[in-house]
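There are 4 protein chains.
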Amino acid sequence: KLLDALHFQTVVCLPFQREGYGAELGLRITPLHQEIRSADLLIAFGGDGTILHLARTVALHSVPVLGVNLGSLGFMSELEVDELDRLRDLADWSFDVESRMMLDVSVLRGGKSVYNNIALNDAVISKGSIARVVRLNIFTEEGQLTKVGGDGVIASTPTGSTGYSMAAGGPIVEPTARNLLLTPICPHSTRSSSYVLSPEHVITVEAPDANRKFVYLSVDGGKAFSLKNNDQVRVSTSRYTTKLVRLSKKSFCEILDKKMGGEVTKA
Amino acid sequence: KLLDALHFQTVVCLPFQREGYGAELGLRITPLHQEIRSADLLIAFGGDGTILHLARTVALHSVPVLGVNLGSLGFMSELEVDELDRLRDLADWSFDVESRMMLDVSVLRGGKSVYNNIALNDAVISKGSIARVVRLNIFTEEGQLTKVGGDGVIASTPTGSTGYSMAAGGPIVEPTARNLLLTPICPHSTRSSSYVLSPEHVITVEAPDANRKFVYLSVDGGKAFSLKNNDQVRVSTSRYTTKLVRLSKKSFCEILDKKMGGEVTKA
Amino acid sequence: KLLDALHFQTVVCLPFQREGYGAELGLRITPLHQEIRSADLLIAFGGDGTILHLARTVALHSVPVLGVNLGSLGFMSELEVDELDRLRDLADWSFDVESRMMLDVSVLRGGKSVYNNIALNDAVISKGSIARVVRLNIFTEEGQLTKVGGDGVIASTPTGSTGYSMAAGGPIVEPTARNLLLTPICPHSTRSSSYVLSPEHVITVEAPDANRKFVYLSVDGGKAFSLKNNDQVRVSTSRYTTKLVRLSKKSFCEILDKKMGGEVTKA
Amino acid sequence: KLLDALHFQTVVCLPFQREGYGAELGLRITPLHQEIRSADLLIAFGGDGTILHLARTVALHSVPVLGVNLGSLGFMSELEVDELDRLRDLADWSFDVESRMMLDVSVLRGGKSVYNNIALNDAVISKGSIARVVRLNIFTEEGQLTKVGGDGVIASTPTGSTGYSMAAGGPIVEPTARNLLLTPICPHSTRSSSYVLSPEHVITVEAPDANRKFVYLSVDGGKAFSLKNNDQVRVSTSRYTTKLVRLSKKSFCEILDKKMGGEVTKA
Numbered sequence: 110k111l112l113d114a115l116h117f118q119t120v121v122c123l124p125f126q127r128e129g130y131g132a133e134l135g136l137r138i139t140p141l142h143q144e145i146r147s148a149d150l151l152i153a154f155g156g157d158g159t160i161l162h163l164a165r166t167v168a169l170h171s172v173p174v175l176g177v178n179l180g181s182l183g184f185m186s187e188l189e190v191d192e193l194d195r196l197r198d199l200a201d202w203s204f205d206v207e208s209r210m211m212l213d214v215s216v217l218r219g220g221k222s223v224y225n226n227i228a229l230n231d232a233v234i235s236k237g238s239i240a241r242v243v244r245l246n247i248f249t250e251e252g253q254l255t256k257v258g259g260d261g262v263i264a265s266t267p268t269g270s271t272g273y274s275m276a277a278g279g280p281i282v283e284p285t286a287r288n289l290l291l292t293p294i295c296p297h298s299t300r301s302s303s304y305v306l307s308p309e310h311v312i313t314v315e316a317p318d319a320n321r322k323f324v325y326l327s328v329d330g331g332k333a334f335s336l337k338n339n340d341q342v343r344v345s346t347s348r349y350t351t352k353l354v355r356l357s358k359k360s361f362c363e364i365l366d367k368k369m370g371g372e373v374t375k376a
Numbered sequence: 110k111l112l113d114a115l116h117f118q119t120v121v122c123l124p125f126q127r128e129g130y131g132a133e134l135g136l137r138i139t140p141l142h143q144e145i146r147s148a149d150l151l152i153a154f155g156g157d158g159t160i161l162h163l164a165r166t167v168a169l170h171s172v173p174v175l176g177v178n179l180g181s182l183g184f185m186s187e188l189e190v191d192e193l194d195r196l197r198d199l200a201d202w203s204f205d206v207e208s209r210m211m212l213d214v215s216v217l218r219g220g221k222s223v224y225n226n227i228a229l230n231d232a233v234i235s236k237g238s239i240a241r242v243v244r245l246n247i248f249t250e251e252g253q254l255t256k257v258g259g260d261g262v263i264a265s266t267p268t269g270s271t272g273y274s275m276a277a278g279g280p281i282v283e284p285t286a287r288n289l290l291l292t293p294i295c296p297h298s299t300r301s302s303s304y305v306l307s308p309e310h311v312i313t314v315e316a317p318d319a320n321r322k323f324v325y326l327s328v329d330g331g332k333a334f335s336l337k338n339n340d341q342v343r344v345s346t347s348r349y350t351t352k353l354v355r356l357s358k359k360s361f362c363e364i365l366d367k368k369m370g371g372e373v374t375k376a
Numbered sequence: 110k111l112l113d114a115l116h117f118q119t120v121v122c123l124p125f126q127r128e129g130y131g132a133e134l135g136l137r138i139t140p141l142h143q144e145i146r147s148a149d150l151l152i153a154f155g156g157d158g159t160i161l162h163l164a165r166t167v168a169l170h171s172v173p174v175l176g177v178n179l180g181s182l183g184f185m186s187e188l189e190v191d192e193l194d195r196l197r198d199l200a201d202w203s204f205d206v207e208s209r210m211m212l213d214v215s216v217l218r219g220g221k222s223v224y225n226n227i228a229l230n231d232a233v234i235s236k237g238s239i240a241r242v243v244r245l246n247i248f249t250e251e252g253q254l255t256k257v258g259g260d261g262v263i264a265s266t267p268t269g270s271t272g273y274s275m276a277a278g279g280p281i282v283e284p285t286a287r288n289l290l291l292t293p294i295c296p297h298s299t300r301s302s303s304y305v306l307s308p309e310h311v312i313t314v315e316a317p318d319a320n321r322k323f324v325y326l327s328v329d330g331g332k333a334f335s336l337k338n339n340d341q342v343r344v345s346t347s348r349y350t351t352k353l354v355r356l357s358k359k360s361f362c363e364i365l366d367k368k369m370g371g372e373v374t375k376a
Numbered sequence: 110k111l112l113d114a115l116h117f118q119t120v121v122c123l124p125f126q127r128e129g130y131g132a133e134l135g136l137r138i139t140p141l142h143q144e145i146r147s148a149d150l151l152i153a154f155g156g157d158g159t160i161l162h163l164a165r166t167v168a169l170h171s172v173p174v175l176g177v178n179l180g181s182l183g184f185m186s187e188l189e190v191d192e193l194d195r196l197r198d199l200a201d202w203s204f205d206v207e208s209r210m211m212l213d214v215s216v217l218r219g220g221k222s223v224y225n226n227i228a229l230n231d232a233v234i235s236k237g238s239i240a241r242v243v244r245l246n247i248f249t250e251e252g253q254l255t256k257v258g259g260d261g262v263i264a265s266t267p268t269g270s271t272g273y274s275m276a277a278g279g280p281i282v283e284p285t286a287r288n289l290l291l292t293p294i295c296p297h298s299t300r301s302s303s304y305v306l307s308p309e310h311v312i313t314v315e316a317p318d319a320n321r322k323f324v325y326l327s328v329d330g331g332k333a334f335s336l337k338n339n340d341q342v343r344v345s346t347s348r349y350t351t352k353l354v355r356l357s358k359k360s361f362c363e364i365l366d367k368k369m370g371g372e373v374t375k376a
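Chains as they are written, first to last, in this note's numbering: chain W, 110 to 376; chain E, 110 to 376; chain G, 110 to 376; chain S, 110 to 376.
Be aware that a few hints might be false.
Where chains are identical, the list cannot tell them apart; a pair therefore holds if satisfied intra-copy or between any two copies.
Unchecked claim - With a cut-off of at most 30 Å between alpha-carbon atoms, the simulated DSS-like pairs for lysine-lysine come out as follows:
| hint | residue 1 | residue 2 |
| --- | --- | --- |
| 1 | 337 | 352 |
| 2 | 337 | 322 |
| 3 | 221 | 337 |
| 4 | 332 | 322 |
| 5 | 352 | 332 |
| 6 | 221 | 322 |
| 7 | 332 | 221 |
Simulated from the structure, these hints should not be mistaken for lab results.
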């Protein structure tokens, strides 16, 4: 949404494509999907939501992204809006790039792929707003992992662990860890526990009541895809990654503490 | 749904209206809303879902209901299907009636009531399936109680505490306790905790983003009512109660242990 | 601990016994247990811990207590240290008194009572620091309620719900609600859920492995009492209450929000 | 405890040291620490507790262990007692060995190591039974990770994730995943969440109130070690591993489902 009004211009003194808000500022706007091909780096103003929205694009083109946080809470954004002078560090290309694991998410229907996406945060399979309980069968390539009766399940990356997964009771997974995370949403009949798996698994989720109950797949909070009874949602580690520019030496621990409202100082 | 094919007949030897399944059995079926007026007692075959469906009707007519459990898990049903001979105890009217607290649920829009219902289990205010986070402001008549950013909130009776509320992490409230229970659903920014309140409070829930985010009210798992920005959902203890027939001397403790799969024996 | 150095003096212009810190200030100190008999009101400087420590004494003598918070987090304290001028309101006796439910806690051994106490917050039955799992059988007068295998169980009042019980995952119970609350501590084999009961129950906790595993009872965080195999810990609503002086019109909701670090404003 | 009466004998037809119960059976018993040096494989009768007890010994000598479950719940045991005929598969050495990650646990006091151990499940730093809250500062080599105010913290391996860590609300980590898991125990002031970290971190836990509050370290549920104020508990991935013999092709998923009481079938 924030990106609807995005425009792009080449900033002469810096070796990357710059994005900014507002055509009303008299700036020339060019489409992201054109510019990204020749871009060396993307600066995303807005916050984690903006990065999430751009993740697929930058990952497919292997362009690193630098987030500038305009909002309230950001795990992926590197700079706050009052730290913009640190952008000068980009000039001499003195920054680290952190590769964040992504998920390949697809839906198989009658043997054919009917949906394909990549996720930086998560793939959520959940009930429609009317249904009360949805039943999901969850497999790895080794066999059935568990069944969930409840609101749904979240398959997430370490990056996504601090998002919806945490709200559903999941653990905080360090972003540089390599894990697939499965967190049930309001499970009715099983002990409420997340599963932390090795990254080489292929997870399959089936919703046998999907026709009757309205079950949806949503990737990184995007547009919901409606599932049918015999659909198989496949989730696995992607070969694509989101490359985040790191200008500071802030560790995940420091960011976590700072962003989560100073638990460390409060405790 | 189960009740669509319900029929009623007077069983001569027993002083109550009997309901059963199946017109295909050659039985005469009469509408529930007619028969309920002259009924002394209603037997609900099916399980807790059936009782839940009937709760509004029996409460308004103050007719006690006896549940016969045909399904898997029942906290409100009194008899299992293999205990039907205990119905003979009804003949000499030797049974207790347990009154279960209900909720008055209404929606105020521009000062007018646009929705009214009574709930035996719960009133759920939650996001549509597409929205990611809904923000709710929750008040009692004394002032603001809390804010919830997440999937929504469940206002439930003690009876409803073992339903969706428990799946969302809420406590088990003894059915004969007199409490209003508020349980947030996957809260993003607050400590995940239920609120147990005295029964005399009037709870108001407002959803300031309702227009943009699709926020719904659902009572006892029934049809979703779509909320608007300035709507006020009011929840308070109802003067109506659901009267459950108790033939056995089973306490809540025993039922709980039995129905929840023998935690007591497993632990 | 804070109270070790407590002293008492009669303040001439106000009709109650005043307590303060520090004999080093040259103030005459008299024992609390003497002064309490003739006191009309007790002012406790320190915080909730101080009130908790004094609760048994003020309850037995039915003396209302006014807490002045010197520490970080207080649900029971009425005034912050910078609000001391509000004590003038006491002069014309214009304040409300809120009665907080307490628990009678006793231990029966071989038919005899070997321990007796009253609790404002909670009675905790838990393992010693070496034992890994303790097994507890929990009954009401109606029969077995549940078994807990884990670190222990907390029986708490509504007042105690925001203490250790909340840390163990229990709900927030409004202080004026009348409920007994049971919260298992790190339960191993059962679904982690609190029980909210009516206040008229008598709860019995038995620890069949107590001899071998070191199981302790601690009331309001006080000195641990070592349990034996056939001991029965009895917990029920006390006829005593702690009377808290309320000078402000702050509701529980406001206090909760303020004390819990502004969840309402953050959410 | 179960191992107090263990004896060892060489079974001629099978290429490994066999252990069994009961000197009373007239069997010759030899000490484990002698026999382990020349053993090719150890069979542990008893359950996960037995394996846990033996883990340090078999890891240091790099001897694979095969668990035979005599108890109720086992994640590490390979065979149930009624599957003993599968031991014949050992004859032709046709089995897989699964290496389980272990933890190096040490305590630094004044720059010197005063405690050293290796853990298959977990290292628990927790309060004594009397103390109410212990404050812990938790660091990685990159800086402070979090503070915990509560009953303590559990540092566990993936293997240990289904033990005490799960009781404290932690996630299930697949045994073959490579992660360090930190789970706070009944945290008072922070959001209750586990941390899943990469295996290369060195975790340091400090207990600044240890002198006054009695804080203990316990490795794999063993003898508690009393911590002092300036002690640093160090936890990191060990170069040692516990090698578990796998006769069946049962995956973790299947074992998990079976051992956890058929969540899959119940859901």
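Non-conforming hints, listed in increasing numerical order: 1
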